[in-house]
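Visitor: Note that the UniProt record's numbering gives residue 57 to position 57 of the sequence shown, counting from 1, and the numbers run on in steps of one.
Note that these hints are calculated values from the structure, not bench results. All residues carry an ideal CB built from backbone N, CA and C; glycine is no exception. Hints may be right or wrong, so weigh each one.
Claimed, not checked - Using C-beta positions, here's what the derived DEER-type ranges look like:
#1 ASN37 to HIS112: 21 to 31 Å
#2 VAL42 to ALA66: 28 to 38 Å
#3 VAL116 to SER78: 33 to 43 Å
#4 LYS115 to SER39: 38 to 48 Å
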Amino acid sequence: NPSQSVRTRRQLESDGEMCMFTLTKNKRDEENTVIRNKSRLVAKGYAQKEGVDFEESFAPVARLEAVRLFIAYAAHKSFTVYQMDVKTTFLYGPPKEEVYVNQPDGFVDPYHPDKVYHLKKDLYGLKQAPRA
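Given the sequences, and given the hints that come with them, work out the whole structure.
Guide: The structure is reproduced here in structure tokens:
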């Protein structure tokens, strides 16, 4: 199905097996009434191949030694340390490589069905996403 592939510029001539899909979730209240519908577009990054679809993959996790050193220094200087989690931070950075996405099902422009999208921000599921 050509309307679901995720491709880099090097892949545009070949037929990639990567696809996009939509995750949907209904938020419900105590009475099981739907109060909000949530949806996001996700890439099947597990189908990406290193060296073809992306150059490097990263897991944004601090090493334990670095965390210990930071906490020891903060304790020595009597600094107050706060912890926080920014869940969508990696989606706000521009992708390192050019990534092109075909139009997802349900959102295909009837006048231009063969056009592709150039991603300006990372997409959930891409191997490149955690690097940003």
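Visitor: Determine for every hint whether it applies to the structure shown.
Guide: Hints and how they fare:
Restraint check, ASN37 to HIS112: a C-beta distance of roughly 28 Å satisfies the suggested window 21 to 31 Å. In this structure the hint that VAL42 and ALA66 lie 28 to 38 Å apart at CB holds, the actual value being about 30 Å. Judged by the Cβ atoms, the range 33 to 43 Å given for VAL116 and SER78 is violated: they are separated by roughly 55 Å. Here the CB-CB span from LYS115 to SER39 is close to 22 Å, at odds with the stated 38 to 48 Å.
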